[in-house]
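Student: Given next are the chains, with one letter for each unit.
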Amino acid sequence: MRLEISSGRLRNEFVAKIAELSGQDINLCYQCGKCSAGCPMSFAMDLLPNQIIRCVQLGLTDDVAKSRTPWLCASCLVCTVRCPKGIDIACVMEALRQIALRRREDFVDPAGLERDTVAELPAIALVSGFRKLTG
Amino acid sequence: MRLSVGVVKKALVIGGGVAGIQAALDIADGGYQVIVVEKTPSIGGHMAQYAEVFPTLDCPQCILTPKMVDVGQHPNIRLLTYAEVQRVSGEVGNFEVEILQKARKVDHTKCTGCGTCWQKCPEKVPSEYDAGVADRAAIYIPFAQAVPAKAVIDTEHCRYIKYLEFMEGEKEGKKPPQCRICERLCPAGAIDWEQEDETITEQVGAIVVATGFDLMPIKRLPEYAEDPDVVDGIQFERMLCPGGPTAGVVRRPSDKRTPKEVVFVSCAGSRDPEHGVPHCSRVCCMYLAKQAMLYKHAVPDGQAHIFYIDTRTTGKGYEEFLQRTMAEGTVYLRGKVSRIYRDGDKIKVMGVDTLSGKQVEVSADLVVLGMAMLPSVGTKDLAARLGIATDEQGFLTENHIKIDPLESTRPGIYLAGAAQGPKDIPDSVAQGSGAASKVLGLFAHSEMTPEGLVVG
Amino acid sequence: MDLSYYPGCTLKTKALNFEASAIAAMSVLGVNLIEIPRWNCCGTVHSMADDDLAHHIAPVRNLVRVAEQGSNRVVTLCSFCYNTLKRADLLMRNSPEKRNTINSFMDDEIDYNGQVEVVHLLEVLRDDVGWEAIARQVKVPLEGLKVVPYYGCTLTRPQEAAIDSVENPTVIQELMKVLGVTVLDFPLATECCGSFEIVSDPGAVIERAYAILGMAQRKGADAVVLSCPLCAHNLGQKQAEIADKYSDFTGMPIVYFTQLLALAVGVSPEVCRFDLNFGGVEALLRDRGLIPERV
Chain Y
355 MRLEISSGRL
365 RNEFVAKIAE
375 LSGQDINLCY
385 QCGKCSAGCP
395 MSFAMDLLPN
405 QIIRCVQLGL
415 TDDVAKSRTP
425 WLCASCLVCT
435 VRCPKGIDIA
445 CVMEALRQIA
455 LRRREDFVDP
465 AGLERDTVAE
475 LPAIALVSGF
485 RKLTG
Chain R
154 MRLSVGVVKK
164 ALVIGGGVAG
174 IQAALDIADG
184 GYQVIVVEKT
194 PSIGGHMAQY
204 AEVFPTLDCP
214 QCILTPKMVD
224 VGQHPNIRLL
234 TYAEVQRVSG
244 EVGNFEVEIL
254 QKARKVDHTK
264 CTGCGTCWQK
274 CPEKVPSEYD
284 AGVADRAAIY
294 IPFAQAVPAK
304 AVIDTEHCRY
314 IKYLEFMEGE
324 KEGKKPPQCR
334 ICERLCPAGA
344 IDWEQEDETI
354 TEQVGAIVVA
364 TGFDLMPIKR
374 LPEYAEDPDV
384 VDGIQFERML
394 CPGGPTAGVV
404 RRPSDKRTPK
414 EVVFVSCAGS
424 RDPEHGVPHC
434 SRVCCMYLAK
444 QAMLYKHAVP
454 DGQAHIFYID
464 TRTTGKGYEE
474 FLQRTMAEGT
484 VYLRGKVSRI
494 YRDGDKIKVM
504 GVDTLSGKQV
514 EVSADLVVLG
524 MAMLPSVGTK
534 DLAARLGIAT
544 DEQGFLTENH
554 IKIDPLESTR
564 PGIYLAGAAQ
574 GPKDIPDSVA
584 QGSGAASKVL
594 GLFAHSEMTP
604 EGLVVG
Chain L
3 MDLSYYPGCT
13 LKTKALNFEA
23 SAIAAMSVLG
33 VNLIEIPRWN
43 CCGTVHSMAD
53 DDLAHHIAPV
63 RNLVRVAEQG
73 SNRVVTLCSF
83 CYNTLKRADL
93 LMRNSPEKRN
103 TINSFMDDEI
113 DYNGQVEVVH
123 LLEVLRDDVG
133 WEAIARQVKV
143 PLEGLKVVPY
153 YGCTLTRPQE
163 AAIDSVENPT
173 VIQELMKVLG
183 VTVLDFPLAT
193 ECCGSFEIVS
203 DPGAVIERAY
213 AILGMAQRKG
223 ADAVVLSCPL
233 CAHNLGQKQA
243 EIADKYSDFT
253 GMPIVYFTQL
263 LALAVGVSPE
273 VCRFDLNFGG
283 VEALLRDRGL
293 IPERV
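Chains as they are written, first to last, in my numbering: chain Y, 355 to 489; chain R, 154 to 609; chain L, 3 to 297.
Simulated from the structure, these hints should not be mistaken for laboratory data. All values derive from a computational prediction rather than experimental measurement. One thing to keep in mind: the hints can contain errors.
[As the list claims (entries may be wrong)] Here are the computed lysine to any residue pairs in the SDA-like style, where the Cα-Cα straight-line distance is at most 20 Å:
1) R:Lys511 x L:Ala206
2) L:Lys221 x R:Asp307
3) L:Lys14 x Y:Ala473
4) L:Lys148 x R:Ser407
5) R:Lys273 x R:Thr308
6) R:Lys273 x R:Ala297
7) R:Lys501 x L:Gln219
8) Y:Lys439 x R:Val430
9) R:Lys501 x R:Asp408
10) Y:Lys371 x L:Ala56
11) R:Lys511 x Y:Lys371
12) R:Lys511 x L:Ala213
13) R:Lys220 x R:Ser586
[Said to hold, decoys possible] Covered by chain R, per the in silico footprint, the following chain Y stretches (three or more residues, Cβ under 8 Å):
14) 361-374
15) 382-389
16) 453-463
C-beta atoms are modelled at their ideal positions from N, C-alpha and C, and glycine is treated no differently.
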């Protein structure tokens with residue numbers, strides 16, 4: 355089955371929400387790939403950062419929702435500082451996480467962490483991890 | 154009563170690259186006097202530096218030097234090299250131009266270009282013509298086919314000049330040697346230490362500005378390492394050129410070994426409104442493909458990788474050429490390179506192939522950056538002196554970008570070549586001829602009525 | 003010189019070595035780090051969603067605390083805290099609408115309008131104390147020690163918050179040189195350690211740590227010098243697991259820049275709490291004769 359591209363798909367609510375939450379204009383991206391080239395977590399991702407942006411550009415809500423990529427993003431901002439179009443890609447990833455988290459779809463369950471792990475992790479890790487990955 | 158003034162039927166061409174050469178020849182062949190002013194010691198421009206040009210793989214020196222010689226010998230052309238335009242006053246049909254002829258400290262009426270002086274000069278300076286890949290002496294001609302093939306002394310690096318400055322000055326530090334080897338050995342007695350800068354004033358009716366381009370310096374891209382084995386396109390041309398410092402044998406600068414994995418990086422600085430320049434530099438897709446092909450010819454068991462975003466092949470024969478590059482084994486990886494750094498013996502290139510969806514890295518022996526094309530250094534100052542507009546990047550602004558690309562914003566001053574915007578050799582030549590036709594059109598009139606000038 | 007100082011949660015718990023060495027070292031250099039009263043956790047990360055103002059309250063409250071002390075400057079050690087406080091401050095300075103909303107919400111506090119400058123200790127050392135003044139205080143030149151500088155993400159990104167060049171920072175290297183330490187060129191100095199992914203995907207962090215530490219090892223570094231307790235944890239805590247997975251990895255001492263500074267200016271090793279470091283820092287320093295043998 356072909357993917358149907360239409361104005362309906364391209365201008366759907368999801369796309370609008372991403373733009374609103376991130377404050378970024380996704381249309382500026384010309385898919386140069388520099389974000390993916392420099393991302394330190396790319397090796398573990400199913401969709402590369404530029405592919406995530408592409409999916410948002412094409413309104414492919416499901417592909418993005420199924421992807422682990424926004425949850426692997428470490429907010430290191432390398433993509434953001436090197437993007438030739440000045441797009442804050444890390445911000446787009448945050449928006450994608452927020453959409454899921456606000457639907458109560460946490461990525462980590464704090465109660466599910468091992469006691470030893472919690473004891474070992476410094477506060478900075480727990481707080482930042484829960485801030486980014488839970489709602 | 155409207156005043157009419159006579160048109161001075163003499164033209165000035167600023168810039169001796171291929172566009173300026175073509176403009177000068179067409180105007181001169183049209184029967185009018187032309188003065189060509191070139192700031193380096195020889196005409197030829199960047200084209201004279203390349204190894205082989207796309208898509209024909211012609212030797213650029215071979216196809217350019219006949220035109221260069223024509224310029225040097227044409228009865229209608231007065232060639233002033235090592236000279237710069239200082240002031241322009243007047244208006245279309247009647248400009249007065251002040252030209253600074255820089256002192257060469259060599260009498261060109263005596264110099265035969267025999268080469269004794271530069272072979273014996275002890276001072277070594279990075280050669281501009283070889284883009285720093287090799288050195289030249291302090292007394293030199295820039296390359297073997299230079300026009301004029303007459304020596305020039307680079308007074309900033311000449312030992313004797315430094316000695317004279319030392320003796321006249323504070324006498325601090327070590328006294329430089331007196332040297333003067335060139336003077337002692339010159340069979341024509343052409344060295345002239347007394348020669349000074351000279352100002353030449355000319356009246357011209359039209360001016361063509363063809364001052365060309367320079368590449369963006371690599372240090373403007375901090376995520377791409379400054380390293381001896383990370384070079385720009387012009388440096389690689391010198392490394393590939395059969396008449397170049399290594400006679401076309403490709404050796405990497407750091408350890409002179411033959412590079413077996415070479416990475417070519419497109420859009421280095423171009424198409425980057427945030428950190429570089431927003432424009433596309435137009436020729437890099439083609440010359441990187443050509444350089445990959447020439448590299449493969451020189452190192453048959455080597456591998457060339459080209460990182461690209463798009464392949465822009467708009468000229469005649471260009472798309473076919475690029476396809477041939479791919480067919481001959483060059484790998485095209487789609488994605489802008491994020492980072493380049495040295496790791497031991499290798500240069501690591503961190504990139505991506507968006508087509509297969511994989512983050513990639515290449516451990517290269519040598520990296521060639523397709524650096525952005527910018528107006529040549531000094532263009533903005535020159536434009537200010539000429540009273541013509543430049544755009545945000547410093548390229549000369551044309552009267553209308555679609556329908557009038559060769560007229561500057563000042564009547565009587567025309568544009569040609571890469572100074573007006575990035576372009577390849579065929580377009581530069583075409584614009585040179587185009588600018589010349591504008592001049593010839595102007596000179597078809599013996600009088601003109603300048604607008605707005607009223608007497609009485 | 004007195005400076006308002008914001009410690010952040012981790013410096014009071016898992017990174018006591020970072021704080022203790024900093025306070026002692028700065029004291030030698032004539033700078034008193036005065037902890038601001040009633041500080042709260044800064045939130046660790048800057049919230050990037052455009053409509054999320056609630057999470058900016060935590061860092062802004064700390065800036066209000068600084069202002070209440072009559073101080074217009076606050077210094078942090080932890081790079082993460084630096085980044086969060088700095089970006090909160092920039093947001094309050096640059097977005098009038100958000101500033102008003104946040105100030106209205108915190109109606110029991112004084113208004114915050116960007117009256118506090120947020121700096122990292124490295125900036126203070128470079129710009130206020132100066133390398134020459136530090137050099138004069140060096141009593142134990144740390145010669146023979148070869149390190150690689152590790153900035154991580156938060157000291158040089160985003161551009162607005164950077165304490166140095168985004169791509170090629172040099173401040174840690176400059177400090178190390180003043181202390182007599184040999185600094186090796188390190189292209190991965192600003193590459194991410196994996197950050198909070200340690201919570202959700204420790205396997206990925208192991209890969210990141212190996213990439214960074216592996217290069218440090220290949221370059222012949224004795225230690226990695228850094229400024230962030232999260233980086234220190236990510237690079238330090240999993241070294242046994244890295245070695246299990248990658249047999250060529252033999253361990254890498256992780257040390258805070260303040261510890262080397264303190265040692266060099268004559269602070270006693272006990273105060274520096276090298277016992278809390280990962281990777282065998284104490285043994286390394288002892289081996290180099292930079293700290294005395296245990297009696």
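Student: Can you list which hints this structure breaks, lowest number first?
Tutor: 2, 4, 11, 14 and 16
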